[in-house]
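Construct all of the structure, not just a fragment, from the sequences and the given hints.
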Amino acid sequence: MAIFNFQKASLSPAPFARGYREENPLIRRILIALSLIFTLLILVMPLLVVISQAFGTGWDNFWKAVTNIFTLKALYLSLITTFSAVTANTVFGLAAAWALSRYNFKGQGFLITMIDLPFAISPIIAGLIFILTYGRLGWMNSFLQEHQIKIVFATPGLIMATIFVTIPFVARELIPVLVARGSDEEQAAVLMGAGFLTIFWRVTLPHIKWALIYSVILCAARAMGEFGAVSVVSGHLRGKTNTLPLHIEILYNEHHYNDAFAVSAILVITSVVILTARSVVEHISKREERSNVR
Amino acid sequence: MSRKKRVIPGFSLTLGITMSYVGFFVMLPMISMALQTANLSFKEIIDSATDARVLSSYKVSFGCSFLAALINSVFGTMLAWVIVRYRFLGRSLIDGLIELPFALPTAVAGIALTFLTTNKGWIGQPLSRLGVSIAYTKLGIIVALVFITLPFVVRSIQPILEDLSPDYEEAGRTLGAGSFTIFWKIIFPEIKPALLTGFALAFARGLGEYGSVIFIAGNKPFQTEIAPLMIVTRLEEFLYGQATAVALFMLLASFIIMFIVNRVQIRVARLVGD
Amino acid sequence: MFVELRDVSKAFGDFEAVKKVNFGLTKGTLAALLGPSGSGKTTILRMIAGLETPDSGDILLDNQSIKSLAPSRRGIGFVFQNYALFRYMTVFENIAFGLKTQKVPKANIKERVGELLELIGLADLGRRYPAQLSGGQKQRVAFARALAPRPRILLLDEPFAAIDAKVRRELRSWLRNMISHLKITSIFVTHDQSEAIEVADRVIITNHGQVEQTGAPIELYRSPATPFVAHFIGESTVVNNYGSLKGFETAPEGASCAIRPEFVKIYAPGETVQFENTVQEALVDSLAFRGDVLEVTIILNGFALTTTYSLERPALSVGDRVKVLIYRIYAFDQDRAVLVGNRLLTNGGSGYNFQI
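Chains A, B and C are the protein sequences, given in the same order.
If you're matching positions, the first sequence starts at 1 in my numbering and goes up one per residue.
If you're matching positions, the second sequence starts at 295 in my numbering and goes up one per residue.
If you're matching positions, the third sequence starts at 569 in my numbering and goes up one per residue.
Don't take every hint at face value.
[Unchecked claim] Lysine-lysine pairs mimicking BS3-like chemistry, simulated, CA-CA at most 27 Å apart:
1) C:K635 <-> C:K595
2) A:K106 <-> C:K635
3) B:K414 <-> A:K64
[Unchecked claim] With the C-beta cut set under 10 Å, the calculated list includes, among others, these residues of chain A facing chain C:
4) G195
5) T198
6) L205
7) H207
Worth flagging that the hints you see were computed from the coordinates, not collected in a lab.
Computed from a prediction, not measured in an experiment: that's the story for all the values here.
Just so you know, even glycine gets a beta-carbon here, dropped at the ideal spot from N, CA and C.
So this is what it looks like as C-alpha cells:
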C-alpha cells in the first residue's frame, strides 16, 4: 500500500512547486509532526488494535472464529445484502445521472434532494422508517401478512435498509461528471441516427466508467459496513438476520473479544483493499484523463 | 411543455426508473413515517420528544457532535494543508488513510476505539494514570465522532487548497506579510466556505452516527446516551410512537443543517460568479 | 428555395431567443449566420438540425417541412463548436459512426471513410484518437464525420472558434474550397464579421433574435439596411447628432450616423485642399500603425472619429491641426440606415467608390 501510494504522489503534479519554499521551516515541521501524530492516533491505532487482538491468541483461534458457522452465515448474508444493494443502486444511479444531466425538467431539484436525503438522515431513522412501513404497525402489515411476505426482521428488510442508506453513492458521483462533460457527443450521435443503447454503451459509458467503478467500490464498502439501519430492521436473529457487523456486535457484547476482533479483521482487510482499489482507480483515471485532455 | 421533444433518447426510461426507485425506497418510507406521526397527538409527540432522558440525550448528541466537528475543523484543515502543501515521508499514507472512516464499518471502528481507550487500552492506560478516562464517557463519544467525521472537513477543503493559485500568497509575501498574516488574511477567507460546509456535514453526520458510538459511550442514561440510541431503546420497548417522535426531532435538526449548507453553497457560488 | 425558415420563434423561459425569423437559401449556397453572442444564431442552427424545437413557425428543406422529423431523419450533417468527436473512438470509428447506425455494409463503410480521410488529407491518421490530433485536424475529422452519411445540408456551429488565430486563416480557405468543391448547401454560425465576409456567399445578420439583413457580403457592406448592420459590418464610428458635420447641416436634431474610414479624407497641415468650403478643422488625437495603413483618431467638434490614412501621404503627428472632408455617412433613421452624401460636394454622394 505504501509503495502504491508513493507512486500516486509522484504522479500527481505538485501544484505548488513554487510559492511556499520560503515558508518558515519550523512551522512546516511542527505541522507535519502534528499531522503524523494525529493520523497515527486516530486512524492507524484502531487498525493495529484490531489486527493485534485478532491474532492475539494465535492463528488457530483466529481461524476458528472466522470459520465458525454463525460467522460464515453472517458473511453470506452480508455478501447477499451488499451485492443486491450495490446492483440496484448502480442501475438506479446510471438512470438518475442520465435523466438529471441530459434533460431539463420540472422537479429536478426536488429529485436531487430526495437522492441526497439518505446522506442527511441518521441510519437509525433509516431503519425506523422501514419498520414503520413494513412492520407490525405499518399500514401495509395486513397485506403482507395475508400474502406471507416477510420484510422486516428478514433479508428483504436488510436489503431495503441498505439500499436506502447507499442510494446517493453512484448517482451523486456520476451526475457531476456527466454535467461537466456536457452532452455534445450524445447530440452528435443522435444526429447520426444512433439509438439509446448505442449512445449509452459506445458514447457515454466510456466517459464515466472510472467514476462508475469508483462509486461502486465506495457503495459496496458502505453497504458491507452498514450497522445502524440494518441493526434496527434485523431483529438480531443469530444465523438468520445477522450481517457481519451485527455479528461482531453480538460477539463483543458476549465478551468474546478475540472472536469479535477476528471477524473485524476480515472487514479491516476488506476496507484496506477497498481504499487501495479506490486509489488505483483514481490513479488510472487521472492518467487516462491527462492523455485525453492533451 | 408537454409537446417539447427531447433530443437525446431515453428520457422516459431513465426518468421512469429514477422516479419509481426514489418513490419506492425514499418517499414511500418517508410518507409512512408521516402517516405514523399523524396517528400521534401533538401532546404525545412533544411529551415523547422532550422526556427528561431524551432531552439529556439531545444535549449529549448535539454537544459531542459540535465539539467533534470543531476539533475536525482545526485538525482537518491542518491535514488538508499538510497533504496539499508539503512533500514528506508518510504524506501519501495520510492521504490514503483519510477516507478510512468511510470504508471501515462503523461497528469495527467502535470496538477498536473502545479497546484502545479503556483503562487497560494502549491509549487509555497511560491517560488513566493522569486521571483521564475516555471510554464510557462523553470524551469517548467525541473521540468516536472525530474518527467518523474526519474525512468531511479534509475532503471539503483539499480541492480548494489545490486550486488556490500561489500568486496570491506570493503577492502577499512581496508586500512583506508574514506566514500567519498570509494564512489569516489570504488563505483562510478562501477556504472558509468549504470549511463551513465540511463542518456542517461533519456535525450532521455526528448527530446521526450510531455504530461507532454505542460501544465507546457506555450508554448510561442521563450521561452518555445519544439521541439515535434513544430511538433504538424506544423501539426495543415497542414504543413506536415515542421512537417516531424522537426521530422527528432529529430529522428536523438534520434538515436545518442541510438547509444551511445549501444556503452557504449558493451564496458562495454567487460570490464566485459561477 | 432549398432551405427556408418561416416565422420561426423560440423562447427559453422568459427569454425570446428567436423572434419570427424568415430567410431562404438556394441550393449550394454557403451561408453565414452572423451576430453578437445571444443574438439567436446558434438557436436557429440548432432548430434546423432538430436539436431544438421551434415554438412556432416552419422549417423547410427542399420544399418539405422538416419540423416534425426526428433530427437523424432530416439529412443533416452537423459540426459542433468543440467538434464533439467521440473521445473513446478512433478517427476511423468517428467517421464511420453515422454509416454504422444506417447499417451500411462494412465494405462500403471502409471505402467511404477511406475516401473522406483522403479528402481531408488525414489518410494516415485513421487509427489515432481525437486526443492525439491538433485542433485543425480535429476540425477536419468533425467535418468528415458530418459528411460521411452524405447529408443534404451541412451545419457548422462556430467552426473556427476553438482554433488559434494562425491556423484559423488556413482552415477558413480550406473549408471554403472544400464546400464549393462538394457543392453542398452549408450554413455556419459565427460572431466574427471578417470570417463571415471572407467565407460566405450569403450572410444572415441576426440581432436580438431577429434577422436584421440578409445578402451577399458586399451588399451588406455597401448598403446596410439598419443601424446595427452599418455598425456591425466593417469598421465604423457612430456619431451622435451629425448635424454638426460640415455638409450635413440639414440633419434632423439629434440624429446619429455611422462613418466608415473610407468616408473620411484628412488633409495634412499645409496640404492643398480641393474644395475649401467643404472641410472643417480637427485635431489629431492618436496614431497607430496597423501594418499597411495608419489608424488615425481625430477630434472633430468634440467627438472622436477613427479613420485610416495611407502611409504614402504626407506625415501626420499627434497634436496636428488637420482639415477633414466627409464624403458621406450612413444616417440612422429609426431602424433604417440610409446613405447620405455631403451636400456641398458637386458630384453628389449617391455613387459609391473606394477612395481615400
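To see whether the hints hold, each was checked on the structure:
1. C:K635 <-> C:K595: Roughly 19 Å separates the two Cα atoms, so the pair holds.
2. A:K106 <-> C:K635: Holds. K106 (chain A) to K635 (chain C) sits at ~25 Å (cutoff 27 Å).
3. B:K414 <-> A:K64: holds, 26 Å
4. G195: With a closest approach of 8 Å, the G195 (chain A) hint holds.
5. T198: holds, 7 Å
6. L205: holds, 9 Å
7. H207: Since chain C brings a Cβ to about 7 Å from H207 (chain A), closer than 10 Å, the hint holds.
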